[in-house]
Amino acid sequence: MRPFCSILAGIVLILGLLMPGAQAKDTMIPVEEFATLPILSEGRVMPVDSFARHYLYAFSGEDTYEGESAADWLARTVFDPASAVNDKIFSVSQKDQRLLGLNARQGNRYDFAEISAALAGTLGDFQKALQKQAEEKGLGDDEERLITWHERARDYAQILRAMSFAIPINLDVPSRLQEIGAPATFENYAQAQRFAKDIETMMRGVVEEKGADWKNFSAEEQKLAAISFQVSALREGGQSETLFKVIPDIWSDTGNWVSPWQIYTGGAGAPQTSTLLSQWALLANEYVRGNTQGWTETITAIKGELERLDYPNYDTARLRMEKTYNLLQPVKIASGLLLLSFLAMMGLYSLGKNYLLRAGQAFFVSGLGILGLVLAARIYIQARAPVGTLYESLLFVAFISGIFALALYAYRREAAILAAGIFVALFLCGLSFPTADGPQTLTVLEAVLNTQFWLMTHVICITIGYGWCLLAAALAHERLYRFGFRENLSAKALPPLGRPLKLTLVTALLFTAVGTALGGVWADQSWGRFWGWDPKENGALLIVLWIAWLLHGRLSGHISRFFMLAGTAALSIIVALAWFGVNLLNVGLHSYGFTSGLAGGLFAFIFIELCIISAFAYKIFKA
Amino acid sequence: MSPAILFWALPYLMMLLLIGTLAQAEIGIYEAQNRFFSSLILWVGPIPLPGGLAVSALIFLNLLAKFIFDSPWSLKKTGINLTHLGVLVLLIGGVLSTMTRQEAALSLPNGEAVRQASSYIEADFLVRKNGDILKTLPFEDLSAGQKIEGLPFDVTMQMVCENCDIVMRPENESQAWRGPSASMKLVPSKSEKQAEENLQGVAFEIDRANDADNGKYQTFSFFPQPPEIEYEGDIYQFTVERRALTLPFEVRLNAFAPEFYPGTNKARSYHSDITVTDGNTSFEARIAMNEPLRFKGFTLYQTSYFQNADGSLTSVLSVVKNKGRIFPYLATGIILAGLLFHVIITGMKKKERS
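Those sequence lines, one after another, are chains C and U. According to our numbering, the first sequence is numbered sequentially starting from 1. According to our numbering, the second sequence is numbered sequentially starting from 624.
In case anyone wonders, no lab produced these hints; they're calculated from the structure. Among these hints, one or two may not hold up.
In silico lysine-lysine, BS3-like type, Cα no more than 30 Å apart, as pairs [to be verified]:
#, chain 1, residue 1, chain 2, residue 2
1, U, K700, C, K492
2, U, K699, C, K492
3, C, K303, U, K816
4, U, K700, U, K689
5, C, K128, U, K816
6, C, K502, U, K700
7, C, K502, U, K689
The following block holds chain C by itself, in its conformation from the complex (with noise of 0.2 Å):
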């Protein structure tokens, strides 16, 4: 990384931009078409879509600026930065503000002008943070801030530059230059870079002569300086562009893409990406003319030409499903549903009335199902188990205690059962909200992740034993609430566990001791050996003993029908502590799973789990 680089070059950007020239027009150019355009970024290819949301987000903190689509937003600030760059962009809150000495502000905006200046005040403690961050000590937090903003602004800037090569500089060509083929103006850089070595020749020539001061410079010399400048003002700033990663590199064994400017600057052109080159220039002056079948006819050729080189790593039809996934953002829809049928159950519970109970049914399973196709979708798109992240696995274990649910519920109709799993689905949806990071959920996976059999079964296993782990403590919440506080039974009185909340522990039982020893058969394969003590194995462990404890303690007369179910209601907390809690440690073969942030959350609900239960054992010890 190379800080000093990247705040000049976006300097001179912006100087760049503010010339004459690079002025577009005011125009709304349709952008669903390019928004799914293939792009490499985060070692996938992924839609322009994504692409934009996921930059947006960083940047913004949200997937839309100011009413504008991430789409649009990208679109603008790639081919017309001229608009863009004084788009007060950066979200930066009042602890960031305080750390990067920005004078504080309503609304917490700032502009990439205003966040490079007070990045420049920061580069001796950024550069001693990367000096530890490569010798891998712990960085502070602000120490990490420090680097994530400095990643931002270059991120930014190469977003904004991104299309520099294409964009319109407008420059009268002077005569000596025309005289050698050169067009009377030069639109764009691709134009002018053809005769850069002659304007460097002819530049030279001129300051040898008369000097740097360009006061002395005739007409024509002045003319040639400008060129001189804007050209080398460009290709300075797009050396370093390596983000907007649109075009196959086709000497590349490994999927590889490149930016545009990695093909002017870094040789990384072929003639069969020429015309694809040459194509998104033209998008870009399409774009800029606010020419609107140009600009759709352009991108159409665009796909023509991906299609005609056949590239192996993309897949048209995946794109548009990423696409109408990012847009319909399902998830968010069988919340929804999943939220209503919770609302119509806790109605069924106060008023009795049966046609709430049809209605939670519909909204459940409706929910259910978007929250199938979910899966289904992200199967498609990633071709792969849809539970190698902490997100995804939340969504599953949120659909498939759901269905347990129904399964248990068409077993034995109790509406309790319904409510359980409508619970824990509505929970672990929510949940699924602040560990996504981000608008961009799809990713790929970690190297030892990276099988298809074990994901499907170790992980997959494990996963489900949660689910019936969470629906069995969800079901004893409800019988411990039901017993307490609406039946007033005493301890003694409690009637036995019931067979439908037996059969979710034994069977939860079942697929965590399998899932764990699973998950020890995979150890043995890929790191020779089949239990080493690893927070996330313990986890696991800790989850089993604790069943196996709660049925045989009951078995043996140990544990009294109270106590099993406030142990089944506390499985929650022991599961969130295996799911979650370890993930805390950041030790161990599975610390890539390590997730900052959780602590405050996981350590609010042990406590708000255990004041429940304690409630629960108050008002039956108590009656």
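We have chain C already, so just place chain U on it with the hints.
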């Protein structure tokens, strides 16, 4: 045999598991494993408590007694009995693995044939005479004051540290220390979180050799200038080295290729193409993430790689020999069958009643 034993042993084991897991963030997995999970006694200050091994042994014996003396094989109990059997097999496998398992790292530079791997953690104190190993002493058996037998001069251990910090030796302490030890001092330190990063070291004193060589020395793992003395025309060298595991076959790396997700430094997979030579026979194989090679009781796994100074890559394989490795597979199958059967029986009870 008593249900009460299990009722009290299980929560104690869970508590050990929880505390031992949390402790890993502070002391690392290896140390936590030794202190909490693999120990017979857990010392909490001066108070001795049962360690993980003791509690597991108690659970095993209780379960074994239950399985032998109190497990009628009726249809209703079949699932439970099978599950108990699976747990017993798992625990037996665990003990066998702990007793017989050997693990080492095999570094394979491109094109080179290698048959010697070195342990990740365990080390030996070696004395070489003219380049040949004369004495090998397991590091864990060394202690301060110990005399090394079988040498023509006296060697007495002064200090042994499982993990050492290297600090400057004060000038007023440098007398009697020879070579680099005159300015460098090994100081015992707590174990690293990643135990393989520990720097094992010793300080020892040589006496009754030549006057110029008599004195105090230090050596430690990966020390580029281990002490050497000349005595009666022979060169003696003192080193601390990771314990060697010699394979009964040779492994040659033909090619190593880390694969990255395009445009990133994030690894997608690694694989090593190797040739295994065993006597007069040889064959080619590929070892990749999640795809190990098993041969002659050894299992070779792709672990990592590193870049050499000349830019070439050295592949690092894990070599494991474990006579108990089949037990977890058997146990998993038995537990799956047992619990599945039990779930079905539990579900059917409802139907029978209804």
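To see whether the hints hold, each was checked on the structure:
| no. | hint | result |
| --- | --- | --- |
| 1 | U/K700 / C/K492 | holds (29 Å) |
| 2 | U/K699 / C/K492 | holds (29 Å) |
| 3 | C/K303 / U/K816 | violated (52 Å) |
| 4 | U/K700 / U/K689 | holds (13 Å) |
| 5 | C/K128 / U/K816 | holds (25 Å) |
| 6 | C/K502 / U/K700 | holds (16 Å) |
| 7 | C/K502 / U/K689 | holds (23 Å) |
When held up to the earlier numbered hints, the structure conflicts with hint 3 and nothing else.
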